[in-house]
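> So the protein sequences, as listed, match chains A and B. Going by this note's numbering, the residue at position 309 of the first sequence is 309; the numbering climbs one at a time, nothing skipped. To convert a position in the second sequence, counted from 1, into this note's numbering, add 1000.
Mixed in with the good hints there might be a few duds.
[Said to hold, decoys possible] Label-pair distances were calculated between CB atoms; the ranges are:
| no. | chain 1 | residue 1 | chain 2 | residue 2 | range |
| --- | --- | --- | --- | --- | --- |
| 1 | B | R1090 | A | A210 | 27 to 33 Å |
| 2 | B | N1123 | A | L173 | 54 to 60 Å |
| 3 | A | L88 | B | S1139 | 43 to 49 Å |
| 4 | B | R1297 | A | L181 | 54 to 60 Å |
| 5 | B | D1189 | A | G169 | 41 to 47 Å |
| 6 | B | I1114 | A | S143 | 35 to 41 Å |
| 7 | A | M187 | B | V1067 | 57 to 63 Å |
| 8 | A | V209 | B | A1295 | 21 to 27 Å |
| 9 | A | D93 | B | S1139 | 54 to 60 Å |
| 10 | B | R1190 | A | L181 | 52 to 58 Å |
| 11 | A | V209 | B | L1184 | 32 to 38 Å |
| 12 | B | L1005 | A | L173 | 54 to 60 Å |
FYI, nobody ran anything at the bench for these hints, they're computed from the structure. We put the CB at the ideal spot given by N, CA and C, even for glycine.
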Amino acid sequence: MISLKAQRLKTFFKAEQTTALLAAVFLIALLAGQVLGNTDPTTLLARAAIFALAALSLSFILGQGGMVSLGHAAPMGLGAYVTLTLALFGIKDFFLVTALAFMAGAAFSALTGLIALRTRGVYFIMITLAFAQMAYYAMSSLSIFGGTDGMALPVRSTVLGWPLFRSDGATALIALLLLGLAYGGIMRVTRSRFGMVLRASHLNESRAVALGFEPLTYRLLAYSFAGGLSAISGVLLANLTDYISPSFLDWHRSGELIVMVVLGGVARPFGAILGAFALIYIESLVGGFTQYWNLVLGLVLRAIVLLRGRLESRLRAMP
Amino acid sequence: MSLALLAVQILNGLELGFILFLVASGLTLVFGVMDFINLAHGVQYMLGAYFAATLIAWSGSFWLGLVLGVAASLLMGLVLEWTVFRHLARAGHLEQVLATFALILIFTDLVSMIFGAGSLSINLPPLLAQSVTFSRDFSYPLWRLIIIAAGLGVALLLWVLIARTRLGMLVRAGSTHPQTVQALGVDIDRLFLVVFAFGAMLAGFAGTMAGPLTGVEPTMGDGVLILAFVVIVVGGVGSVRGALIGALLIGLVDTLGRAFATDIMSQFLSRSSAASAGPALASMLIYVLMALVLAVRPSGLFASGD
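So that you can see chain A by itself, here it is in the shape it has in the complex (with noise of 0.2 Å):
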């Protein structure tokens, strides 16, 4: 009965409902949110289209790559603490900042990375999840930064001069286009070689390796990739609340991450742009009723798991 479900889950059509009713969900959450939250629409929307880059960046290594990252809100916080950094030094021009912020993310992925790919399962999660608690504890010590309190960002960035952060409706719109460009360029990565030698290696490593291929590197660029372009949503997220706290890189929002990528479906990289925004959206609903959204969510997230773990094992195992 069940490896019937199973077998059908595996086909196109099943794939395809299991997405027609995650966009149902989508919507009803994105309406009830919009109607019920205690939060402005606008700076709603700004929020879950961050945190859907954010999550599609982490969905690119998780459901391509394989790699359970416990650690992605690390970059996206060092994104938002390079925009702080520059406006201190009066750079604001957003396209220095994306650029630079891009960089420190990458860098710091592939450092932590260099380190992390060399191992598997239990050991990846667990050196993910250290390094991103070192950069929080490292954040969180330095006074010019306003150690753990954080600090208000001195001024928005700006494009090309205008100052376009100032309204929260332009930063939506800002993210959505980011949010498109780079679901676009990920699908673009995820259909070439790049992609396959990576899904490849995730599958069966034994055979890629005997195809001539070197995963190391291949998980490598991705993992800098996905990190710096965590760091980018870094960047907007600073814009949009004007206040950078180390709680930005905390792991809990690591966990969130994971969430988002899995309550969307981990396969398609379109997932993680679904699971984004309903959590967020959800997130501001059940706000408004309950201070104890995390026990809610612990409890969706519970539920969650039983299904697919029925499901999903039997169709293959997650490393």
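Chain A is already provided as a structure; the job is to place chain B on it using the hints.
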């Protein structure tokens, strides 16, 4: 830097190290035997402290509350294994991360719902709240010494259990060759239950011991969990000896780093830049240590099954 100050910091480091050992030893066995990633181990540390705080207040006796608290932790471990972990044992790592992350969210919120988000305190009885005086300028709190002694005791107990008993033999075999052990007719699920519940009890015990020093709060398990991960990665997954040496190493490096980094750096840098860079460097030291160990030995200092 006086010698007495150095001695106090070394003892502080050992005390943190033994707390970490209590948390990490159970966790590393669960990782090693079942290849299971449990993020909720910090929750068991936190619950242990809450059990102790509540039961000490309820029974009016520190020792009775302590013993009952540890028993409650063991019970909680059994309940969680039955209700949650058993069903995840065969799932992938991603499922385990999600489900145990969910447990953290659920229990942290439940505990703050029941006890409030603020900090509870466990008051030591007057007899235990004293300090031991070693010399004129060197005295040290008795409770911290008791923690060190308890950690040593547990380390010895674990060594006897693992190296000298049939159960320990199964645990050692299970961490390296689970299929073979199962094929020989050992119920690996029951082995998991025992290891898991015992680990949960040790984590609860650690929370109980640390509670009087750190206070009892809903999020107290998070920091300890991640430090325990670093300990396990440094020591090697599945190795109790690795957990002991890793824990003491991490405890000492972290404590001494925090105590002396600013002083040492001011030898090379100006006073003010040392004051701002010192704490940042100190908080990163153990992760740098972890990276160094991994660069040399990707599977930790002690391979699994030691």
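> For every hint, state whether the structure bears it out.
Structure-based check of all given hints:
In this structure the supplied range 27 to 33 Å holds for R1090 (chain B) paired with A210 (chain A), their Cβ-Cβ distance being about 29 Å. At roughly 57 Å, the beta carbons of N1123 (chain B) and L173 (chain A) sit within the given window of 54 to 60 Å. At about 45 Å, the beta-carbon gap between L88 (chain A) and S1139 (chain B) stays in the expected band of 43 to 49 Å. The given range of 54 to 60 Å is broken by R1297 (chain B) and L181 (chain A), whose C-beta atoms sit roughly 42 Å from each other.
In this structure the supplied range 41 to 47 Å is violated for D1189 (chain B) paired with G169 (chain A), their Cβ-Cβ distance being about 56 Å. Taken as a hint, the range 35 to 41 Å holds for the pair I1114 (chain B) and S143 (chain A), whose Cβ atoms sit roughly 36 Å apart. The beta-carbon spacing between M187 (chain A) and V1067 (chain B), approximately 60 Å, falls within the hinted interval of 57 to 63 Å. Taking 21 to 27 Å as the suggested C-beta distance range, the pair V209 (chain A) and A1295 (chain B) conforms, at roughly 22 Å.
With their beta carbons about 59 Å apart, D93 (chain A) and S1139 (chain B) fall inside the hinted range of 54 to 60 Å. In this structure the hint that R1190 (chain B) and L181 (chain A) lie 52 to 58 Å apart at CB holds, the actual value being about 54 Å. Remark: the range hint 32 to 38 Å for V209 (chain A) to L1184 (chain B) is upheld by a beta-carbon distance near 33 Å. In this structure the supplied range 54 to 60 Å holds for L1005 (chain B) paired with L173 (chain A), their Cβ-Cβ distance being about 58 Å.
Consistency with the previously given hints fails for numbers 4 and 5, ordered from lowest to highest.
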